[in-house]
Amino acid sequence: MTLTVRYFASLRDHRGVSQETLETPPTSVLQLYLSLNEKHQFPLSPAQVRYVVNGAYVDPSETLQSGDEVVFIPPVAGG
Amino acid sequence: MFQITHEPIIPAEPDDPTVGGIVTFEGRVRNLNEGRAVLALEYEAFQEMAATEGTSLLKEAKLKFGLDWVAATHRIGRLEIGETAVWIGCGSPHRKEAFLACEFIIDELKHRLPIWKREHYQDGSSDWVNLHRSPIGAKIVQSDVFARQIAMPEIGPGGQLALQNARVLVVGAGGLANSALPYLAGAGVGLIGIVEPELLEPSNLHRQVLFGHNDVGRSKAQLAAASIRRLHPFTQVEAMEVRLHLGNAEGIVSRYDVVVDGTDRFDAKFLMNDVCQRLGRPLVQASIHRLDGFVQTILPGGPCLRCQWENPPLDGCVNTCEEAGVLGVVPGFFGILQATETIKLITGMGEPLSRHQLLADLRDFFCQRIARNPKPGCICSEAPGWHPIQTTLYWEVTAEAVRAWTRPFTCIDLREEDESRQKIQLGQREWRRVPLSTFQPEQELEDLGDVLLVCATGGRSARMTSHLREQGFHQVFSLKGGVRGCNTVPQKQWTKETLGD
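Note that the protein sequences, when read in sequence, are chains A and B. Letter 10 of the first sequence, counting from 1, is numbered 10 in our numbering, and no numbers are missing. Letter 205 of the second sequence, counting from 1, is numbered 205 in our numbering, and no numbers are missing.
Hints are computed from structural coordinates only; laboratory data are not their basis. Do not rely on the hints blindly, as some may be mistaken.
[Unchecked claim] Derived lysine to any residue pairs resembling SDA-like cross-links, with alpha carbons at most 25 angstroms apart:
| id | chain 1 | residue 1 | chain 2 | residue 2 |
| --- | --- | --- | --- | --- |
| 1 | B | Lys59 | A | Val58 |
| 2 | B | Lys110 | A | Asp59 |
| 3 | A | Lys39 | B | Gln222 |
| 4 | A | Lys39 | B | Pro233 |
| 5 | B | Lys344 | B | Leu271 |
| 6 | A | Lys39 | B | Ala226 |
| 7 | A | Lys39 | B | Phe234 |
| 8 | A | Lys39 | B | Leu271 |
| 9 | B | Lys423 | B | Leu468 |
| 10 | B | Lys62 | A | Tyr57 |
All chains should be built: construct the whole structure from the sequences, respecting the hints.
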């Protein structure tokens, strides 16, 4: 299935792009992060990242569907 | 109304002239962060979500505190020293709620909104500010991984959050560390540092259980880190292939909350002792010899190692593992005790071995707690005080805090039909029994105002509260420790004062 992934802050710096489109087999959002992490060695562990799918926070176990927009949210530091 | 802007912030004004008491908060760019000189800050936001989260946060605050008016603005882009990054305004009929609401909003905003900042330092470098703290409301109560610990009244969601926020430094990657590390990571410690300069040798394998035969010749720090990362993805691990010495010890230790001594040399033990006293960090120390050993916890303020030994004994006067020999179960046993002490320090559970040494001889399981006393005039008597890691799971409240509530509230007892019917008096206007298995939120919570959920030990009420708050029921709280927690002696918070008997 096809997904869009957006990156912010340290993840974007590390990945080098702010957005990319991927082809993946059916997977959960946590599994997606883990497999991208294996390839790219992100500076954040899965527990430090929050998962957003189509504009809403989801549980790491959330199953993804074709066309979903995924955002990995690094630890925030607003204020 | 919540706004995100690139422009300098203009404070909002209420257009309702009946709003009398207004409290505002301004977060400005400081020129210092953790000792580094900051030139400027750059804020970045996932704007769509930041706006919706910000708006729903303000709505929640308005309801929770009964505000007449609330507004907030967060600025993004590059900000110079002294410029305002965030502005919050709250108006309420009585000023107390406005003060509380401002504090609530800034605390929540820092954790909930997808906004990041990059600091630009004087030396030309820049860094994303990575709060090693996970966001409040991170789904720890739902996480199956730690469910069994969270179910313990001694831990609960608050203790689990403390573990997640904790930073533990393990010095050495030998027998003791190999045993302590998997249990620390397994318990959910959020960040672990490992300091070890050496490479793996075959004679290490029988007792250093994270390593395998194919790993011989490689860096022990890196191997241990890789092993922990594979087993426990929720723990971040930093491997430092260095020996701890006078030049680097303070810099390294200052980045952590608790230090675990996994070394086998006196000079290292005394160095850690001194640095931990200076920086105000607890030190969990163990030493082994053949089939016996001891474990102790050294809190800032002592009694410390120098209360017993003013100067380190010379290396060589006591045999090393190489000379005396050792069985793997010995560091295994004491390493687990070190992990236990560390978890106790982080969660506030039980009593640390801060005034005793636990001596154990595995030949016949002779175990003794030997009292330790501080020596007057020792270096530890000047150490800064230390308080357990704070958590801010604000919706999990103690009985004591509930008794001080001023707004009327209803208790809902979630225990099932076959459980105890004991009630407790917390000042509630009503106590309702609604077993969890029949609990229908929309019906039960309709028109109720503040609700305190209660169960036997606080686990079920915490999970339900967390779930309900995510559904938008922001008036729901959970009684920490449950009904049984009200019947037991409260956990001690130990400080220099309480221990100075």
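Q.
Under the constraints set out in the numbered hints, which ones does this structure not fulfil?
A. 8
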